[in-house]
Amino acid sequence: MRMELIQPFINAADAVLAETLLEGRVVLDTDVPTATAIASALIGSPVEENDPSVKEAIFELANLVIGNAVTSLNDQGFRFKINPPEPHTEDKGLEGTEDTEALVMSFDTPSGSVFMNIAMRYNRRRRQEREAVVSG
Amino acid sequence: MEQFAALVRSKDKQPIRYLVVDDSVFARKNVTKMVESFGGQVAGEAGDGCTAITEYERTKPDIVLMDITMPQMEGIEAAERIIRHDPSARVVMVSSVGYQENIVAALQKGAKHFVQKPVKPEVLYEVIKYVMGDDAVAVGAVTSGGNQ
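If you read the sequences in order, they're chains A and B.
In this text, residue positions in the first sequence follow our numbering: the first is 1, and each later residue adds one.
In this text, residue positions in the second sequence follow our numbering: the first is 1, and each later residue adds one.
Here chain B stands alone, though its shape is the one from the complex:
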């Protein structure tokens, strides 16, 4: 996998904490591998929108990576509920369904960005940098054991 400069939180230089939401175990593993290669840490995982809401409350992540098509509660509704409860939540939608209406609906509900699957690590990295803004800083290459 490509090497990325580790992204850490500006305030305490700790790894960015992620909540990964996808009904596909494979997709969660894939995204987890990517964010770890960015120096991040997966604080929690969820396979549907309802669990995503409770996991958000429990883990208070810096970023939520949220799929759209899921059982029980879809990602856009879950994102809306999370943001309604915590307007500072950073939710990035990650879905293979990338048509305009879906993207607009997600952004109107307060999502910060949209990444279409298959996810390219370099695209996700840039989106995370953009969404974190001044709250994240790149500190160096990631090693297999953690940040350098």
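This is chain A alone, in the form it adopts within the complex:
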């Protein structure tokens, strides 16, 4: 059977039977000298490694990247709510899970390498669960 005849039924069933919720996190991962160099560039003057403005600048960078990406995703029909950024300073990265798709990209900048770690998880709820949430 031709796929284009089947696809509308799949789409309709998906819309009626299940709701796909997306959750995700984005990590901007970089070393301290690179973070300091990026912060200095954003601020427009050199800052020391232990200056609090380094963290503030990286937070704002994350906000800009995520905010602009979510704006674009929203135009494609994906709805996200953004939470304010949090610092993670451990050497070990955040662990993934079986149901989480993760992707790591490296950006080579004049200030050094920045790794962007994006993870998404699909939470599918059946119709009864969805109605229970709405009525509750």
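Hints were generated in silico from the structure; no laboratory data involved.
Do not rely on the hints blindly, as some may be mistaken.
Said to hold, decoys possible - Straight-line alpha carbon distances no greater than 25 angstroms define the calculated BS3-like cross-link-like pairs of lysine-lysine that follow:
(1) Lys129/B with Lys109/B
(2) Lys81/A with Lys109/B
(3) Lys81/A with Lys55/A
(4) Lys120/B with Lys33/B
(5) Lys55/A with Lys129/B
(6) Lys13/B with Lys60/B
(7) Lys55/A with Lys120/B
(8) Lys60/B with Lys109/B
(9) Lys29/B with Lys120/B
(10) Lys129/B with Lys33/B
(11) Lys33/B with Lys60/B
(12) Lys29/B with Lys55/A
Note that the structure is a prediction, hence the values are computed from the model and not measured.
With chain A's structure known, arrange chain B on it following the hints.
The following block gives chain B in isolation, referenced to the frame of chain A:
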């Protein structure tokens, strides 16, 4: 930074007073630097929506520059509460999240305009001129020590 003609209040030729609301200290500093380059004066700062409301009451600014994504209370709700209490409040939303629903929601709550981050000084300047309307006038270039 680009030179702008200083914007002052028409009624008394005093600097326009701003309340800058953003949970990011970096963003507040950045916006502060911009509005000072327009000849403005930061009357107060807030890092969340709740503080923004109390700071608005305390400082009575001419314009509020309000972020959206913030802890405790988000910017759209804070803008709504400020405008409900003072319908003449001029609130400009400044956010990196610029999709249609967000913009419409903010405007429906009474915000006057929306500026998407990263903020370009020339864009913010034009928005402030537009939002202030006849209540502001450009008087000359800004110097490092203040208005000319």
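Hint check results:
no. : hint                   : result
1   : Lys129/B with Lys109/B : holds, 21 angstroms
2   : Lys81/A with Lys109/B  : holds, 19 angstroms
3   : Lys81/A with Lys55/A   : holds, 23 angstroms
4   : Lys120/B with Lys33/B  : holds, 12 angstroms
5   : Lys55/A with Lys129/B  : violated, 33 angstroms
6   : Lys13/B with Lys60/B   : holds, 17 angstroms
7   : Lys55/A with Lys120/B  : holds, 22 angstroms
8   : Lys60/B with Lys109/B  : holds, 19 angstroms
9   : Lys29/B with Lys120/B  : holds, 14 angstroms
10  : Lys129/B with Lys33/B  : holds, 17 angstroms
11  : Lys33/B with Lys60/B   : holds, 20 angstroms
12  : Lys29/B with Lys55/A   : holds, 14 angstroms
Violation of the numbered hints given earlier is confined to hint 5; every other hint is satisfied by the structure.
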